[in-house]
Amino acid sequence: MKRIICLLAIGLATKIALPQMIASNVTPQGKYTISGTVTDASTGEEMIGATVYVVETGAGTITNAYGFYSITLPEGKYSVMANFLGYAPQSKNVTLDHNLKLNFSLEAESTQIAQVDVTGEKLNRNLVKPDMGMEKLQIATIKSIPALFGETDVIKSIQFLPGVGTSGEGFIGYNVRGGGTGQNMMLLDEATVYNAAHLFGIFSVFNNDALKDVKFYKGGMPAEYGGRLSSLLDVRMKEGSPQKFGVNGGIGLLSSRLTVDGPIIKDRCSFIVSGRRSYMDIFFPLYRDQIPDDTKLYFYDMNAKVNFKINDNNRLFASGYFGRDVMNYAGAMQIDYGNRTLTTRYNHLFSDRLFSNLSVIYSHFMYGLEESDTRWESSIRDWNLKGDLTFFANPKSTIKGGFQSTYHKFTPFIVKAGANSPNYMKNVSEFNKSLEHAVYLSNEAKIGGLIDVDYGIRLSMLQNIGKADVVNLDENYNIVDTTHYGKGVFNTYKGIEPRFSLNIRLTDHNSIKANFQQTYQYVHLASNTMSPLPIDSWFASNPNVKPERCRMVSLGYFHNFQQDMYAFSAETYYKKMYDIVDFKDHADMFVSDDIASQIRTGQGYSYGLELMLKKQEGRFTGWISYTYSRTYTKVATINNEEYYPSNYDKPHDLSVVATYDVLPRLHLSLNWVYSTGAPRTLPTGRFEYNGVIAPVYAERNALRLPDFHRLDLSATFDLKTIERKGKPWLEQNLNLSIYNVYNRHNAASIMFEQDEHDPSVMTAEKLYMFSIFPSVTYNFKF
Amino acid sequence: MKNNILTIGILSAVLGTACTEKIDIDLNEGENNRLVVEGYISTDTMQHSVRLTRSTSYFYNQPSAPEEGAIVTISDNEGNHFPLTYDGKTGNYLTSPDVFGVPGHTYTLNIKLKDGSEYEAVDELIEPNFFDTVYYEYTNLQYGVDIGAYYYWFYTTFTEKEFFDDKYLIYYYFNDSLWNPTFDDVLYASTASYMDGCGHFEDVLFSAEHEDSIPHNPHVRCDLVTISTGYYNFVTQLYSETVTQTGLFAGPPANICTNIINKDKEKPNGLGYFSARSYDKYEFDIKNDMKDGKPMKDWQKNDLKN
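Read top to bottom, the protein sequences are chains V and L. Mapped onto this note's numbering, the consecutive letters of the first sequence carry residue numbers 1 to 782. Mapped onto this note's numbering, the consecutive letters of the second sequence carry residue numbers 1 to 306.
These are calculated hints, taken from the structure and not from any lab test. Honestly, I wouldn't trust all of these hints.
Stated by the list, open to error - Ranges between beta-carbon positions, derived for each pair:
#1 V:Asp294 with L:Tyr282: 43 to 53 Å
#2 L:Gly104 with V:Arg324: 48 to 58 Å
#3 V:Asn476 with L:Asn80: 23 to 33 Å
#4 V:Asn478 with L:Thr73: 49 to 59 Å
#5 V:Tyr407 with L:Glu266: 51 to 61 Å
#6 V:Glu642 with L:Asn80: 42 to 52 Å
#7 V:Asn478 with L:Ile261: 11 to 21 Å
#8 L:Glu31 with V:Ile504: 49 to 59 Å
#9 L:Phe100 with V:Lys487: 52 to 62 Å
To be verified - Per the computed footprint, the stretches of chain L lying under chain V, defined by three or more beta-carbons under 8 Å from a beta-carbon of chain V, are:
#10 32-43
#11 56-66
#12 230-238
Ideal Cβ positions, reconstructed from N, Cα and C, are used throughout, including at glycine.
With the rest of the complex left out, here is chain V:
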């Protein structure tokens, strides 16, 4: 049945799209196409998600990830308008009697206007687009939110959105609508980022200064995306100005950053290079009695991108990221890890209505553990080929199709033991290799004037490739023997992933939306810790581990009032997850060659109601969000195979984010968060063995940590702009922030201590991660 539905869907879409795509150079009789790009006038950078619409007909579209748009209309005279929040709208009158190139270059309005803005586009976009569950964050928004150590961050910002929870205070890991931290896809210029944490998560790998666009999907994932069950964070880097050189940066307590961009060939070729380096360890000599010499703790990373406009129809991009963390204790113990990505893209316009992109992407994550003279390394490498076509069929239909093929190569471990000790040993594990493929087809269509649908299908597949040794397990998960597979594909999984989103605009100020999606995940995070570790590794589905699968339905009501100044939304969802990966009690995640026997699979479900009220314009902007949600899991051999609350089941979650422009040059920001304490498995009884008090547990996650809440404040002072030759030369500001203003010691975990003097006495202690912490950052821009 599934196969028939799939074939029908592909057949139908192909029947509609293919003949038109083939004939895309031929516009329907009496109709012509207006196409072009929307750019930022000050930098020349293409703008993603800018709205372009025709005043007379109301027909409109938004620019794609490369700033391109296309609208096909009957012959006539039109006024075409482009706008983007924070920029002055621009209107152009055209006489459409032939296909027309029409580029817009938008001038920024007062920068204060866009300080807190979640949509970044037309203010009523939430009412007219079917993309429910998607949030687009402006970099200005991210920079305005008070942050730990003054380090504003993409991931920390999305943790304030409804339906998104944090895996632990100060950590990068996040949970979306009841999904695990390993169920979130993070893309940087289309390259998978397997571990986004710097310094255990105080920073993420996403450097705000190098970023152009951030989209976050917690539902309503378009068919072009897949590979994870719960969410997608799609981060795009800046291209660099093709018109003028610029330098900006910041000096903070823990790190500094510098970005340089500019033209290589004016208006045709530009670059951007952005780097960061932390220097927390320069303060270590002040704590010489606690921290030994040669202790290091730092990270550095670099983003770079070059783009070359060959002509109006062809463009090349190459971008990369390189980052590394080093934590070394006294020169004797070390953890080091890092990501590397490289993306090369080729954009080609087959016609004014048919846009294509071909990408070749490399992604690499590795970690190493070193102690004395033993080193342990693990890594994952991806090589990815991806092609996408966007066909702007008519003002009421945009058809997308494409493919993706990824070669995963996992190296579970390399051990070099005892290089300087009496016995030297070295061992390299077998590589685990697999291919992950996907093809998709989708159509974003308008039905009448009030209904928008975005429907599509994604077919995905995983193939395990030999040579490989795969263990065989008995019913008790003991390894019985090993099967050796020769070269070639020895195991295949397939998945059908339908996607459907609907928007019905009830009035000018009200709409309802519905969404259904099925997602598959073929690559899994090998971690069972409460918070993500930098040394977490990944593995692919295989004969012992099926792909994870998720079905989610969601329904939402959206209402704007006071001329779109305020936006209210209420979304509810139900999610069912199958074959989710967990690990047995007392799993040893470091013994990677035995991981198959450590894995247990099960199912889970979650549901929730997410409310959000945003003030989108004015001196005072921000949002309040409240989420009620529950998440339950049932896994083989765990908790008597009965459902239990997941580690991240926090029923009540409230966030307040606000910015107030007190003066033209003084901006205050605040955020306050509250959530129910996370569930924990805590002992109810005890026994004594070998002089140690050992715990006895009842049900898993039956008790909770105390509730979590915290207030952060920040103030940004725009310092005097220094001018040269009558033009601004140096813009600068100073940001002061206080994290955890009322110094609440939020419990991250509960520990139990045995009394030194009376071993029968136990006391409970809470571990808290952060106290009140003020910080200051100086930012500049040339």
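Use these hints to put chain L onto chain V, whose structure you have.
Same frame as chain V, now just chain L:
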């Protein structure tokens, strides 16, 4: 594994922001009154003991109550029976002094309580392995840092039998005193094939806490205790639940396994473990832990094969 977690813990602390403080917490403590067994039989000829106590609620904060009046026996698959008698005080039941275990035999502990309930525990006494070499170093440096006190660093090697999957405990005695009595200090491990068939342990003894009582040039005894996989799992789980199971970077807590099986399958099993152990022991005197008034700092080798 243990050291990896330690590494992470130390580096977390280096981040310098995490702290702990006491907290009152309601644990929903229900009735906890299960039988707890702690005992073993070994290849040593000695009076073996099995201690029977009761579990309690978590914050009971009193010594465990002994289980008195039980009938306790150890038997093996060759038909040998060893009755145990109660010492009258602490829950310890003792064999006669001439009891020893035989490698390759399977031993069963039978317990019949006053209330009529019966428990059984089974473990196999594994063939022993033997030390090849014992290296030791006397130093005041830990990871290159002067810790302000001298301690011993031991490194032992041995060759495993065919399958490289045996499990061990190692105990160190200095001048006949056991210096690593709890599992925090006992090195336990399974060697793996990537170690190329050669097992090794690296042990730090006499940490700074023991500074006051460091005996110079001591008489040393090392016990290499070969244990079953079941007992190894019990010890590692006991360790993780009581030592490393404390922070964000640990897996979900879970009950520690046991081999104390209630013969009435409708009722809960006991807690703790009855194990069988085989021993290899090596004794030697350290005569030159200082050179010219300074710690020797270099590895000293006792090659037992020669």
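Verification of the supplied hints:
Between V:Asp294 and L:Tyr282, the C-beta spacing of about 36 Å breaks the proposed range 43 to 53 Å. For L:Gly104 and V:Arg324, the Cβ-Cβ distance of about 53 Å falls inside the hinted range of 48 to 58 Å, so the restraint holds. The supplied range of 23 to 33 Å is met by V:Asn476 and L:Asn80, whose beta-carbon atoms lie about 31 Å from each other. The hint said 49 to 59 Å for the Cβ distance between V:Asn478 and L:Thr73, and at roughly 31 Å that hint is violated.
A hinted range of 51 to 61 Å for the beta carbons of V:Tyr407 and L:Glu266 is consistent with their spacing of about 54 Å. Checking the proposed 42 to 52 Å range against V:Glu642 and L:Asn80 shows it holds: the Cβ atoms sit about 43 Å from each other. Range check, V:Asn478 to L:Ile261: about 19 Å between beta-carbon atoms, so the 11 to 21 Å window is met. Range check, L:Glu31 to V:Ile504: about 57 Å between beta-carbon atoms, so the 49 to 59 Å window is met.
Distance hint for L:Phe100 and V:Lys487: a CB-CB separation of about 55 Å, consistent with the stated range 52 to 62 Å. A stretch counts as covered by a chain when three or more of its residues have a beta carbon under 8 Å from one of that chain; for the stretch 32-43 of chain L and chain V the count is 4, and the coverage holds. With 9 residues having a Cβ less than 8 Å from any Cβ of chain V, the stretch 56-66 of chain L passes the three-residue criterion, so the hint holds. Counting residues of the stretch 230-238 of chain L whose beta carbon lies closer than 8 Å to any beta carbon of chain V gives 4, which reaches the threshold of three, so the coverage claim holds.
Going through the hint list in order, the structure does not satisfy hints 1 and 4.
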